[in-house]
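Number of protein chains: 2
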Amino acid sequence: MALIVQKYGGTSVGSLDRIRNVAQRIKSLREEGNQVVAVVSAMGGVTDKLIGMAKDLSSSPSEREMDVLLSTGEQQSIALVAMALDEIGVDAVSVTGRQAGIVTTGSHTRGKIDSIDPKMMEGYLAEGKVIICAGFQGVRVDGMIHTLGRGGSDLTAIAVASALKAEICQILTDVDGVYTSDPRVVKDARKLPEVSYDEMLEMASSGTKVMQSRSVEFAKKYGVVFEVRSSLNNNPGTIVTEEHDQMESVVIRGVSIERSQARVTITGIPDEPGMSATILMCLADAEVNIDMIVSNIAYDGLARHSFTMHSADLGRAQAALKPCINELSSDSELITEAGIAKLSCVGIGMRSHVGVAAKMFQALGDAGINIGMITTSEIKVAVTVEEHQIEDAARAVHAVFGLDKAPV
Amino acid sequence: MALIVQKYGGTSVGSLDRIRNVAQRIKSLREEGNQVVAVVSAMGGVTDKLIGMAKDLSSSPSEREMDVLLSTGEQQSIALVAMALDEIGVDAVSVTGRQAGIVTTGSHTRGKIDSIDPKMMEGYLAEGKVIICAGFQGVRVDGMIHTLGRGGSDLTAIAVASALKAEICQILTDVDGVYTSDPRVVKDARKLPEVSYDEMLEMASSGTKVMQSRSVEFAKKYGVVFEVRSSLNNNPGTIVTEEHDQMESVVIRGVSIERSQARVTITGIPDEPGMSATILMCLADAEVNIDMIVSNIAYDGLARHSFTMHSADLGRAQAALKPCINELSSDSELITEAGIAKLSCVGIGMRSHVGVAAKMFQALGDAGINIGMITTSEIKVAVTVEEHQIEDAARAVHAVFGLDKAPV
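Chains A and B are the protein sequences, given in the same order.
Take any residue in the first sequence, count from 1 to its spot, add 3: that is its number in my numbering.
Take any residue in the second sequence, count from 1 to its spot, add 3: that is its number in my numbering.
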């Protein structure tokens with residue numbers, strides 16, 4: 004008898020019929036002899052509706068009260084899923100974040116899970132009950148209701164799986180698993196049976212947004228093996244786990260693409276300590292998330308920095324940087340460029356293989372695609388290209404590394 | 004500086020505009036120098052929508068899960084009211100039933116308030132905050148979320164007022180207060196400045212349904228003075244309090260009417276112990292609420308019982324009683340009669356005044372109205388009349404006791 008923790012997102016419980024469907028899936032798992040804890044999100048649309056009401060009442064609603072308000076979405080769905088299970092003869096019980104013993108820290112609306120006291124859940128499991136646990140929420144030591152921010156339900160599932168020492172944690176979503184590339188772009192993209200935490204993290208930060216990075220980081224830290232799989236069928240998904248020897252025989256695990264990127268370049272930066280920090284602080288204050296950062300020393304001792312960001316942030320970035328740049332130097336200039344995209348090759352195997360970047364650049368060159376910026380990490384090489392070329396670029400790189408074929 | 008506990012029902016917080024209006028009312032009270040705790044219900048319609056979803060998923064949804072589900076309605080409204088107050092510069096904080104320290108007992112969906120630990124609320128008051136407290140909910144000692152059933156928010160307000168030793172508890176509703184009779188029927192009905200707990204209880208059980216009896220009983224038990232007043236204007240309402248000497252100078256406080264009643268009479272009941280209990284058990288099992296009970300010994304040692312109930316329950320009562328009656332005796336007969344109504348005179352003063360019933364019956368007789376059943380309690384005389392005559396009956400009795408004029 005295995006203990007399985009599952010996570011169902013807002014789409015999976017988005018209507019009463021879908022809730023019935025989730026109940027049937029849990030019932031099957033139970034009938035195969037497993038213990039089940041299902042972490043569920045708010046019904047699709049509910050959270051947005053609550054946010055809409057809050058914004059109507061206040062331009063900047065109290066974050067403490069936002070937590071009180073938004074946590075009701077998950078509390079409703081756990082009760083409804085438990086009722087649907089009862090109705091088909093499965094003994095089920097709901098637990099809120101508080102009842103699940105999830106203790107959080109940090110400021111309101113952006114909680115972090117500090118610890119889990121699984122006593123109540125262990126009691127219910129011992130009684131043979133299926134547990135439906137509210138995702139996205141916990142309680143601070145001062146008794147305040149606390150939500151976990153974006154991707155919070157994934158985090159709940161992984162933390163609960165860790166606390167209960169579950170066999171596996173299944174993240175059920177609207178994709179089948181993690182692919183070597185986006186199947187809508189690269190027709191022969193292949194579903195990966197297994198990836199390492201680090202590969203998953205690099206893919207998450209480079210466009211393959213199956214999960215938020217922090218949930219993967221949490222799983223890595225506590226060694227929680229999890230599986231990304233579809234809530235619409237019973238196909239095996241992708242197991243995300245500690246890297247092991249066989250994994251390294253593959254140089255590149257996947258090719259991620261990220262569209263709608265923009266680049267900002269600042270020229271003529273005096274080559275003095277603290278200049279980069281000043282610029283980055285400007286952007287942070289304006290809540291612009293930047294991705295790639297490239298910095299070169301150019302002619303006559305003046306530096307130039309380039310950043311990429313989502314195009315939607317470009318206007319905000321420009322507004323924030325203008326006053327900042329005038330202070331830096333009268334020679335500074337701000338150059339912006341939208342319509343670019345990012346291509347990343349990820350694989351733990353590249354650590355022990357030289358020439359990955361060379362092979363990638365060669366493939367792009369052969370396809371007539373010009374490379375803009377380049378950044379590398381230990382297990383990733385990322386480049387920017389013009390957005391209209393991103394699909395050709397992905398296909399060329401996918402092919403050159405033979406990702407359409409399963410490794411032998 | 005007075006501490007005022009207010010209760011706003013679902014209609015008062017039924018839209019975002021109404022929530023803004025509630026916030027303004029609380030702000031005024033605060034600016035007059037008062038401390039304020041507002042107990043709020045779920046936004047009108049929310050609870051019904053949640054019940055609808057539960058019923059869609061299950062013919063008999065788990066009551067434990069109903070509590071988890073329904074308690075979200077109040078949790079949403081407290082957050083929204085607190086946000087609306089913040090927005091107009093009032094430092095406000097929401098508390099759920101659990102955070103308010105409300106400990107309950109009893110079975111799910113029908114909780115009773117056992118005790119209140121007001122520590123957290125006292126802390127917030129000491130910090131000068133307005134508290135918005137969820138009505139209708141608490142937590143059992145086993146950590147389960149618990150709702151209080153019908154009228155639960157009134158009960159919360161009165162219990163919170165008691166725990167915090169509030170100056171007064173205001174029950175804000177869609178009526179102006181308690182009247183000598185229904186103003187839609189008796190044009191010169193007068194708003195009462197004050198009634199005793201017992202009178203309020205008798206009126207509640209005889210058609211003047213401003214509040215559920217159990218909230219009034221709770222207030223009486225703990226000596227909580229409360230005021231029923233309108234949430235739409237600032238007129239003073241009706242104070243409900245311990246009876247005192249001046250109150251007794253008035254013989255009759257009010258005349259209540261209750262329409263859509265039905266009568267069931269069972270004849271030919273053997274005059275043996277346990278017969279009445281058997282009949283009442285049948286009705287209780289079928290969840291028929293009966294009101295008046297009259298029992299007479301008729302000819303040749305066979306008894307006859309009559310009950311009144313709401314017409315809507317008549318079919319259920321007949322179905323439940325038929326098999327029961329056949330068992331009692333072959334001579335038993337079931338006689339039903341719909342289209343009747345109940346008229347009640349209530350007043351603590353009638354204890355010390357004889358002839359109240361006589362005066363009332365005389366007035367009805369003079370108006371050509373025939374009396375069906377009669378029951379009396381220490382402070383109430385109730386009769387049934389034909390439903391089409393109830394308005395004339397109310398006006399006649401209201402006039403004979405001079406209720407249109409304030410007592411001198």
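Since the hints were made in silico from the structure, they are not lab data.
This one's a predicted model, so the numbers in the text were calculated from it and none came from an experiment.
Glycine included, each C-beta is placed from N, C-alpha and C at the ideal position.
Honestly, I wouldn't trust all of these hints.
Which residues of chain A face chain B? A few of them, derived with a C-beta cut under 8 angstroms, are [to be verified]:
#1 THR50
#2 ILE54
#3 ALA82
#4 VAL106
#5 GLY109
#6 ASP120
#7 GLY126
#8 HIS391
#9 VAL403
Each computed DSS-like pair below joins lysine-lysine, with the alpha-carbon atoms no more than 30 angstroms apart [to be verified]:
#10 A:LYS132 <-> B:LYS115
#11 B:LYS30 <-> A:LYS52
#12 A:LYS52 <-> B:LYS408
#13 B:LYS223 <-> B:LYS52
Coverage of chain A stretches by chain B, computed from C-beta distances (three or more under 8 angstroms per stretch; other residues unrestricted) [said to hold, decoys possible]:
#14 63-69
#15 85-93
Distance restraint between LYS132 (chain A) and LYS115 (chain B), which requires alpha-carbon spacing of 30 angstroms or less: holds, 27 angstroms
30 angstroms Cα cutoff - pair LYS30 (chain B), LYS52 (chain A): holds, 27 angstroms
Hint consistency between LYS223 (chain B) and LYS52 (chain B) [alpha-carbon to alpha-carbon, up to 30 angstroms]: Violated, at about 34 angstroms.
Verdict on chain B covering the segment 63-69 of chain A, where coverage means 3 or more residues with a C-beta closer than 8 angstroms: It holds, with 5 qualifying residues against the three required.
Restraint outcome when VAL106 (chain A) is required to lie within 8 angstroms of chain B by C-beta distance: Violated - the Cβ of VAL106 (chain A) stays beyond 8 angstroms from chain B, reaching only about 15 angstroms at its closest.
Hinted contact GLY126 (chain A) with chain B - closest CB pair below 8 angstroms: violated, 10 angstroms
Interface hint outcome for ASP120 (chain A) [beta carbon to chain B under 8 angstroms]: violated, 12 angstroms
Agreement of hint HIS391 (chain A) with chain B interface, Cβ distance less than 8 angstroms: violated, 45 angstroms
Restraint check, 8 angstroms cut-off on beta carbons, for ILE54 (chain A) near chain B: With a minimum Cβ separation of about 11 angstroms from chain B (threshold 8 angstroms), the hint on ILE54 (chain A) is violated.
LYS52 (chain A) paired with LYS408 (chain B) [C-alpha distance capped at 30 angstroms]: violated, 52 angstroms
Cut-off 8 angstroms, beta-carbon criterion: hint that ALA82 (chain A) touches chain B: With a minimum Cβ separation of about 4 angstroms from chain B (threshold 8 angstroms), the hint on ALA82 (chain A) holds.
Proposed interface contact between GLY109 (chain A) and chain B, which counts if any beta carbon pair is under 8 angstroms: violated, 19 angstroms
Violated hints, in rising order: 1, 2, 4, 5, 6, 7, 8, 9, 12, 13; the structure is consistent with all others.
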